[in-house]
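Chemist: Please model the entire structure based on the sequences and the hints provided.
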Amino acid sequence: MPKKLHVGWLYQMLAIFSCSLAMIFDKAYGEPLYAGPPDLAILMQDSIVQDSTALDSAKIDTVYEVKLPLPLKKVGRPAQNLDATVDDLARFPAVSLQQYLKGQAAGLYVQEPNGEPGSVQSMLIRGASMPLLSARELYQNQPLIVLDGVQLIGEHPFAYDIQQYDFNRIGTATNLLTNIDMANIASVEVLKDLPAVAIYGPRGANGVILLKTKQAGNRRAISFNAYTGLVQRPTVATMNGDYENSFRQQFYDRYTPAGRYTEDDVYPLYLSDSLNADYYGPSNWTDSYYRNALIYAVNASIAGGTDRANFRFALGNLKNKGVADNTGLDRYSASFTLNMKPIKWMTFSAMFNGNRIERQRNRNLRDRFALMNYIPDLSAPLAPNKESYDRYLKNFENSFDDNNSNIVEGFAGLLFDFGPLTFSTKFSVDYNEGYRDLFYPRTLLENNSFASNYYGYSQRIQFDNLLTYKVPLNGLHDLSLEAGQFVQWDTYKYNYAYAYRGVNDFIKLNLLESDPGKDEYLTPLAFPRELVYKFLDRTKHNLLAFYGRANYSFDEKYKVSLLLRGDASSNAQPTNRWLFTPVLAAEWNIKEDLMTQQDFFDVFNLRAGAGRTGRINAFDNFAQGPQYTAEVGFTGNVTTPGYNGFAVLTRPYSSGWIGYDLPWAYSDQLNLGLDLGFLQNRIKLQLDGYIRQDKNMMLAIPAYAEYGYNYAQQSGMEVHNSGLDIGIQATIIPTDRPFSWTTRLNVNLNKNKLNALPGGLDEIVLGNRKLEVGKPIDQYWLFQNEGIYLADDEVPLVNGQPMKFNGTALKAGDPKWVDTNNDQVISSEDKTLVGNMLPKVAGGFTNQFFYQKWSLTADLYFNLGRKILNQEMANRFDFINREGTNTMDAVKEITFWEKRGDYSKYPLYNPWSTVIPYRAEQDLFLENGAFLKMRTLSLSYDMSEWLNKRTAVVKKLRVYVSGHNLFTLTPYTGQDPELVNYTGYDTGYGLPIPRTYTLGVQVDL
Amino acid sequence: MKVYFTILVLAVTITLGGCKKVLDVDSTRAVGEQNMWNVLEDTRAALMGTYGLVRSAMADHNAHWLYGEVRSADFISPVRQDLKAIGNNDLNASYPSLDALSNWRRWYAVINSANLFLERVGEVKAKDPRYTDNNMRVDIAQIRFLRAYAYFYMVRIWGDVPFIISSHEDDFENKAREDQGLIMAWVEQEMLAAAQDLPYKYSDNDEQQPGNYYNESKSRWAGALARKLTAYAVLAHVAAWQGEYPNVATYTKFVIDNYTKGENGYVTTDNLTNSNGLFFNKNFNQLFGFNFDWGHIDASFTGHIEELTLAQPVVNKSIPDIFMPKDSILSIFDEYGDERFSLDTLGNPKSERYFTNYNGKYPIFSKIKCIMGGVSNPEFRIFSSAMIFTRLEDVTLLRAEAFAVLGERGQAIENLNVIRELRKLQPYDEVRNGDLLEAIFKERRRELMGEGHRWYDLVRYNRIRQNNPAFNELLSQGGIYWPISRALISQNKLLKQNSYWN
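If you read the sequences in order, they're chains A and B. First residue of the first sequence? That's 1 in full-length UniProt numbering, and the numbers climb one at a time after it. First residue of the second sequence? That's 1 in full-length UniProt numbering, and the numbers climb one at a time after it.
Keep in mind the hints are simulated off the structure, nothing from the lab. Backbone N, C-alpha and C define an ideal beta-carbon position, used for all residues, glycine too. One or more hints might be untrue.
As the list claims (entries may be wrong) - These stretches of chain A come out as covered by chain B in the derived footprint (C-beta under 8 Å, 3 or more residues): (1) 372–378; (2) 442–454; (3) 690–704; (4) 707–714; (5) 877–890.
What the hints assert, rightly or not - Selected chain B positions facing chain A (Cβ under 7 Å, derived; list incomplete): (6) V31; (7) A46; (8) M48; (9) L53; (10) I76; (11) Q81; (12) S94; (13) Y108; (14) T269; (15) I319; (16) E379; (17) Q491; (18) L494; (19) W501.
Modeler: Spelled out as structure tokens, the structure:
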């Protein structure tokens, strides 16, 4: 806190003001509120300007009367935007922002591990800043999405705490970035460099994606955008019980004397009865599982106004169906923006964006059992026969799974303009809520019905103030000063209940006695009280920031900017609440300075930035220091609330010890950028090199087992990311010809390294991952496989005994795992770090061809330098450990009957061996996951001119036809190299990303 | 300048005040240090938490039965490779359950929780006048007992273990393993000390615990907490494990002489095997038990012997995880008229008390079958049976064992016959039933089947008799212990693997 004194008294006055306001809001609303950097300044931007960046702000002024003063120069941001235009983006039949942006900006990596419409996807900007061990870390790596200055909140992973299985978060598990309709968006910017994101403080530590809504002009405008299309059923190879049986028989033939490995061995009934038509008949389940389906989207908007006030209003509807398992998503959206200038020196702006997302989820067994926390008898898996599968699906007719989200965000802001001095204040809210109401009838699960109800919300309220002052200097000097402050109040909450065995299949709700007068008040009526489980949880996080920035420019040639900020988080420990960080940016326009005489270069701009930004603790328990909680559950029963009907308090033995004096984690970055344009700007090149070091990060270290703890939550992890973003845009044949061709390439090269672990450790093992200082954080930790021991005497002898694996002697039929440390035993010490889960190189390559009014766009997406662990294949071979038991490992989906990959590549080990020869953690199952995908091939025709000749009403009319996800080139033998989540393990659970064909129109009146 | 300085000081003060309010968010998800150890609800939560941790240590991966039953190979597993490995004493095999079973972390959570309680309970005493001396004394006795029990359980599994009796929260230093003999001596002392302060019953105006314990009635605590008799019964096990049979006789005598004070009695075979009998919820006859009370919404899918043993037709599950083959059943239940299991003259089981579906491929061990609220509905595999560590019948047979070892045949037979009569068997007869000690162990095997005793019985028997070369090798080389999880060894470099498992 004393450090604050350095910043000066102006700063303090602002602090008083803001904190007092914060207190007022705290009182007035009970639930606290937010703030983002006031972007009012750019609100009025031309709706389709794409290279909306930063330095060329001049055009913003000229358009309308309702205009704002010059935005402050943002030093250090690229001089040109080489990404796709929003019009192009809007033609992609995407549901989520991630899908729109995949492969479109250098340095932005999108994972789409599931083709199920609206399922959760993740983004990483310039690599991961910490090892992605679970959904919690993935959450902490997500970039900030800012819509017109409103910082979107997303969903908090704290609900995973009550889940035995973390395949999906409880609740809707809907991707909340499905709330962006690209037809409403004027510009998208991916901010990566520290000078660009610093204004967002710790929230921007993972990069920022800046979205701006289209604004109205001073004349009436109507636009209409729509497409309709088809998602195409994939062709897959299926198999039946006969095939699986003969696959398994080869192991029995080889390793068992009489068809059974031991006397008590059981061969699964469903494979042993070849007369059973369900399993041995035709494998045509795909007819009921996959489908062709229609999709569409429509968006209409009206805008209008006068010099003093204008508005834009848009409505949209989207329907997207998946090709598999009856999945789909419906979105209803409304967007509204308003600007008013009642008096000359004041502008009022407001925005509202509302979406309702209704999502039909998959019906796979794993997700259902995980939700129910119950695994029924698995001895008879779903049969590959269509009739049999249809009988199973019929059970769903009596069930429901309403899975809806409402997402709204908006702001209201005032801008006071007193010439050189402006003051803006802004109040914004982002709120999303999810409902999942679900009922499974008795017929679906051994005569046990199941109901569950989830309601949860996330709310961010932000209050922003910004004072700017343009120092009146003469001549070539240009100096502006900013002082800003924001408070952000986040609240996350959910109520969740589930119940088993209702009285019948007609009452599908978990009804409670609602009469407060009765003794049974709130007692379940339709489900037995003893089988109703209820959960409530809430977490809050408040963030407070002050910042000051000075921007200086000399003759537009040299620019420098210094930002100083102080951030305080309620998730930081009281002794370390505040973090003070500086960011310095500089820019040198070499073209204007030294090259005005030569005309080879049109742009030659050098940028540099360096500084620090904080990283927030995602969980509020870190702020508490040593603490108590209720962790007396055990494997399979994690939510045990107490003992003998009493609530308990214990140290957090499972989640780990938390001590005092945990400092803020922070991110140091160094950026160097070069913008080049030459040959009359026919070639534009943008190079951005970066080094980012994330320090003091928390990590759960396995420790203190003799004091009862699984982990010690310790600070001190340091991860290094460095790389290069390359953007190239070339006009190969200029647009003034009848036929023209432009090409655009964006590539990110990234590598990461673990620089330090907490407590000075060199390496730690976390589950099936190992982190080693000096090595990348995204590597697999695997045994090296060198074939098979065909006979017992092939096993090397150690002191006269066969070599051992973890104390068990290796035998014929076991894998030859390499003893990498030469200690004569095979153990986890021999596992090595290999391959990367995240691509070293990722990017997009777009070519556009224009011929008269026709244009053809071809969009390719690629990942290189990435490996995939084919767990699905490992599971197939490890059938002995996945048969007959009542565990999630033994669950067989209907897609078990889909033939994926090449079985003949793998040696025939003895699957009964207790060394588990077909464990996934060996390089036998590691494959090259590089790929190149045809994301889009789109042909469009611009009819504007043709129509303009006939009617003045139409400003723009463009029709297009597109194909998406047309092909994938990859050496990977599994399903689709994209359908892999952050762990790099291909579980086979990703539904296919469909090939899609659309026909669309974009009209402006 | 002075003015500016004043403004500055003022500004800082006000700012700090306002911001503090925004930034101090008391977590609703974790209890910070300042909100703990203030009132007697905190000691109750910590005490129940310690019980809960013991329960979770025993129930995780069904450890209690995997250690106690599966390892003895009385039961065999048709499908689960990990259980087969345990039955084959292949404890290094690579399965998640075996790795969990070789990890003692959950037991040390019990110990840490207990150590912390003993260090901090005084704070509550000082702050909350409702927290009486007696309440504290009884709480401390339970905590000391549970901590000693945790060490006893660990010594049985791993032999030497690190010995830690303070919370070390300022410095969690790694410790090497301590000689098990020293630990067992300490365990015995601690339990004896605890026994002095423990009441026979709670909330029943016992002289050592007057009034309602934590303001709850007697029925709430029945069987749920450690009592005086609990301590002596477990002490008998502690002594027996060390082969100190005179002490076994002493400790069991206390239980046998006083069991009526604890509302204990011998349970009928029906009560023993009913789905709402001895094992259901909680009752006084659970001399030391950990309940999963149905009424408290505490039933669970796992952490019960039923999860391993039950299958069709008792529950919806095609193949049991473990079962006892027919010939084993016949060789164990070889006496006519045994209420637990016996065949009639036509060779059919007289009852389905211990085994259901006897004539099927998999006889289902259904002695313990508390399905849902103690019903026989096979549809939903959620169980409410308590984990019982010891009961009066166990203590009686331990007593018989002690007398048999000490050469007091008369008293040994007398105690054995108590159980034999209870199960409607003829009194012991050397000609018919063979060697006395063997008959006692056989009776234990029948009576306590499925309760997690068998492996330890085998160890004690073989220590006494030394007539099985294979087992002697296990005994001499430390093979009766479990390997120590590799994860533990990599965390704490002072630990050495049990030599047998290297």
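Chemist: Now tell me if each hint is right for this structure.
Modeler: Here is how each hint holds up against the structure:
no.	hint	in the structure
1	372–378	holds (count 4)
2	442–454	holds (count 3)
3	690–704	holds (count 3)
4	707–714	holds (count 5)
5	877–890	holds (count 6)
6	V31	holds, 4 Å
7	A46	holds, 6 Å
8	M48	holds, 4 Å
9	L53	holds, 6 Å
10	I76	holds, 6 Å
11	Q81	holds, 5 Å
12	S94	holds, 5 Å
13	Y108	holds, 5 Å
14	T269	violated, 28 Å
15	I319	holds, 6 Å
16	E379	holds, 5 Å
17	Q491	holds, 6 Å
18	L494	violated, 10 Å
19	W501	holds, 6 Å
In this structure, the earlier hints numbered 14 and 18 are contradicted, and the remaining ones agree with it.
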